[in-house]
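*Asks:* Sequence:
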Amino acid sequence: MKQIKKIATGSPWEDIVGYSRAIKVGNTIEVSGTTAAGANEYEQTVAIFESVKKVLAELDAELNHVVRTRIYCTNISQWEEIGKAHGAYFGEIKPVTSMVEVSKLIDPEILVEIEFSAIIP
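Heads up: the sequence shown runs through residues 1 to 121, numbered per the UniProt record's numbering.
Source of the hints: derived by calculation from the structure; they are not laboratory data.
Computed from a predicted model, the values in this text were never measured in an experiment.
By construction, the Cβ of each residue, glycine as well, lies at the ideal position given by its N, Cα and C atoms.
It is possible that part of the hints are untrue.
Here are the computed lysine-lysine pairs in the DSS-like style, where the Cα-Cα straight-line distance is at most 27 Å [stated by the list, open to error]:
id	residue 1	residue 2
1	LYS53	LYS84
2	LYS94	LYS6
3	LYS54	LYS84
Derived Cβ-Cβ restraints for the label pairs, each shown as a range [said to hold, decoys possible]:
id	residue 1	residue 2	range
4	ILE106	GLU43	14 to 24 Å
5	ASN27	GLU109	29 to 39 Å
6	ASP107	SER77	14 to 24 Å
7	GLY10	LEU105	30 to 40 Å
8	GLU58	GLY87	24 to 34 Å
9	LYS2	VAL102	24 to 34 Å
10	GLU50	LEU105	16 to 26 Å
11	SER77	LYS2	37 to 47 Å
12	ASP107	GLU30	19 to 29 Å
13	LYS2	ALA88	26 to 36 Å
14	TRP13	SER117	30 to 40 Å
15	GLU109	GLY26	29 to 39 Å
16	GLY87	GLY10	26 to 36 Å
17	VAL25	SER77	30 to 40 Å
Work out the full structure: start from the sequences and follow the hints.
*Replies:* Below you can see the structure in the form of structure tokens.
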């Protein structure tokens, strides 16, 4: 059986909702929807990537192991700003990605939420 490692943030929501920040099963990592504070979509997206770099490091992985991102935003007209931040971190890596507009996220100040899938070779 493959070893499972779970990462938690200590947020009370993890127990209430019943989720983990990230899970590693064998060489596969799934990172739950990640958000960040910031004045605009670009700043929030950059902060999300910086946060996920740390989570991946805890699981012995790096951004270049990311094979998929799923981006949720509250204003699709800002796709270029979100895309520029994504390109700054993933321009050479080029994971598959989706960007979808949603009516709202859990907090009105959150404009972007991103999920990540990674595979360690």
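*Asks:* State for each hint whether it applies.
*Replies:* Consistency of the hints with the structure:
no. : hint                       : in the structure
1   : LYS53 - LYS84              : holds (18 Å)
2   : LYS94 - LYS6               : holds (26 Å)
3   : LYS54 - LYS84              : holds (21 Å)
4   : ILE106 - GLU43: 14 to 24 Å : holds (18 Å)
5   : ASN27 - GLU109: 29 to 39 Å : holds (36 Å)
6   : ASP107 - SER77: 14 to 24 Å : holds (20 Å)
7   : GLY10 - LEU105: 30 to 40 Å : violated (21 Å)
8   : GLU58 - GLY87: 24 to 34 Å  : holds (25 Å)
9   : LYS2 - VAL102: 24 to 34 Å  : holds (33 Å)
10  : GLU50 - LEU105: 16 to 26 Å : holds (19 Å)
11  : SER77 - LYS2: 37 to 47 Å   : holds (42 Å)
12  : ASP107 - GLU30: 19 to 29 Å : holds (22 Å)
13  : LYS2 - ALA88: 26 to 36 Å   : holds (33 Å)
14  : TRP13 - SER117: 30 to 40 Å : violated (22 Å)
15  : GLU109 - GLY26: 29 to 39 Å : holds (37 Å)
16  : GLY87 - GLY10: 26 to 36 Å  : holds (32 Å)
17  : VAL25 - SER77: 30 to 40 Å  : holds (37 Å)
In summary, the structure is inconsistent with hints 7 and 14 from the numbered list given earlier, while agreeing with the others.
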